[in-house]
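Single-letter residue listing:
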Amino acid sequence: MIKLLQVLLDGVLVGLVYGLIAISFVVIYRASRIVNLAQGEVLVVGALLFWTFTLGLQAAGLPVPLVVALLLTGAACVAFGLLLERFVFRPLIGQPAFAIFMASIALLVMLRGFAQLIWTAETRPFPQVLPSGAIEIGPLLMTSRLAIGAAFTVALTIGLHLFFTRSRRGLRLAAVAEDHNTALSLGVSVRSAIAIAWVLGTIVATCGAIVLLSGRIISLDVATIGFKALPVALLGGLESIRGAPLAGALIGIGEALAMAYLDPLTNGVASNVLPFAVMIAVVLIRPQGLFGWKRIERL
Amino acid sequence: MLPTGVLFETYSAEAGLLKTARARVAVAALVLALLAAPLATGAYLQGVATHMFITLIAVYGLHVTVGMAGQINIAQSAFVGVGAFATARLSEFGLPFFIVVPVAALVTGAVSVVFALPAARVKGFYLALTTFAAQVLFPIIVLGLPTSWLGGLVGLAVEPLTVAGRPMNTPTHMYYFTLALTLIASYAAFNLHRSRFGRALKAVRDNDVAAEVMGIDVLRHKIMAFFVGSMFAGVAGSCMAWVLQFVTVESFTLFTSVWYLGMLIVGGAYSPIGAILGVAFITLVQEGLHELGTAILRSGAQEAGGAIFAATNIALGACILIALIFEPRGLAHRWQVLKTGLQLWPFPHR
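Line by line, the protein sequences are chains S and W. Here our numbering is used: position 26 in the first sequence is 26, and no number is missing along the way. Here our numbering is used: position 85 in the second sequence is 85, and no number is missing along the way.
Among the hints, erroneous ones may be present.
Unchecked claim - Partial selection, computed: residues in chain W whose CB lies under 7 Å from chain S:
no.	residue
1	121
2	139
3	209
4	211
5	213
6	214
7	216
8	308
9	313
10	317
11	324
Stated by the list, open to error - A few chain S positions that, by computed beta-carbon distances, are all more than 10 Å from chain W:
no.	residue
12	13
13	55
14	105
15	107
16	112
17	116
18	124
19	144
20	291
Stated by the list, open to error - Listed below are several chain S residues computed to face chain W (Cβ distance under 8 Å; list not exhaustive):
no.	residue
21	102
22	103
23	280
FYI, nobody ran anything at the bench for these hints, they're computed from the structure. C-beta atoms are modelled at their ideal positions from N, C-alpha and C, and glycine is treated no differently.
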């Protein structure tokens, strides 16, 4: 019983990290109708930027306080998002979805190349931002890094949800998510929407990287977490900010249960297959996800 | 477009694959040049060409699924892998290659149909996601299966290829073997455009509602597009298994799939010429940067050499982006413009 509860708790906490990364995915889709397969690479770039401003500057003999490093990282994320908007996605406004999808794939390859070129492929320690160790609740253990991350995810979800549904700018983004050409004809700036989308998406992905990696090792392979966030985003609904953490918790629980009870029987396959089996099931049964907009084109 | 003064007297002449004497001569010259090439080149270049032929077969398949039928497939590399593993298992029974290759192609096609079935419910990007799942699941499942089935982490050794009782073990042998299969695949890919099935696929791509109204079974054709495209992948997988003589999941990654798609986009997705141009162009860029990298490494600059290898990724990504933004019809369109210009010279317009 205790083991089951512990498994469930771990599942929820890890799942909320997936949810946080899925939010960065959803934010981009929700504001610009771009499905970004390169989200894992964006996360790695964000993490490497943060590393540069903390341990990197420290190694160069210019240590800066954590708050300044965070601000610098934020500024770099903004610059990164604006660059992507200007040079990759602005020329593709109004192009078919296939072109934009392929552009995100091209971006995946390019970002990996740039990360390798600028920071080289070596693994490096990630700065300890969140406290290590665990919190004890009765017989249960909770990793404090993940617990803080979970609280942050919930707060961020509420904030972003209010932004997208209450603020004037957020509502304009909904028009862009509906259709680029319609939004343009209504006088909504698709350019600024895409810029906002990428700036927000990069910042949220970097937050995800900090929660995920704090005090651990960073390498280019971390990008595969982006592929795990894809099923989460799809299950929650690509347009739903609030769906992402919930779907993350669900998939996290499923994965933890599969890992604890099925993996010993299946040679470790079950927990890895589960998110993608869920993804195929979602596409087959309810393509808009749990809370997405009902707009899926069917035959 | 045909040059001025070409007239056809029968329908079969007009519907032919190579319409003019000039086209026939050009293709014959190309085939002869490819047949004669091993006389003048070393083992390294033959190896590069063999690899290029295999890639071309896989990209032809992608051209059918993505270019002709408009269904995004980001699992082509996994399907090549299915063909390679099927070949490795089949070769253990001592079957001749002309049975192994078609069976491997059919097995690959059957596997792809499983991931094409969601086409009954969704289209576009959501369908792309199921192929994405196929690509991610492929290594997980191969590694998870018992080692005696597909070799697990170690991989499977492939029985060497024999043709008419003689072992094919030199690079030159493999060059000719893959060249023969590539010529057959090229014929199939070019011919598909002239067939009823090919025209039906293009109708589905351009407007599936209109296609349905015209009496085309849209769902069946979408699934068939995956099936046919993956059969090409299966043939490519067979070749790859025999060339590498050892198959592991590490040869069939998401990145390879992305490279295949990139080649198709850069070359132009809508014609088989695009597949040829794209594969040739990207292979040239890749090999060029690779050569540069090794040259720099030999000269002693370790770090710059590593940077060149990273630059290969950047170059590929940039090629795809530039093609998408500036020339969505790809190199094939540029080639067409160039050819028309030469045919009309010295007149600027028709």
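- Task: Provide an ascending list of the numbers of those earlier hints which the structure does not satisfy.
- Result: 2, 3, 4, 5, 6, 7, 8, 14, 15, 16 and 17
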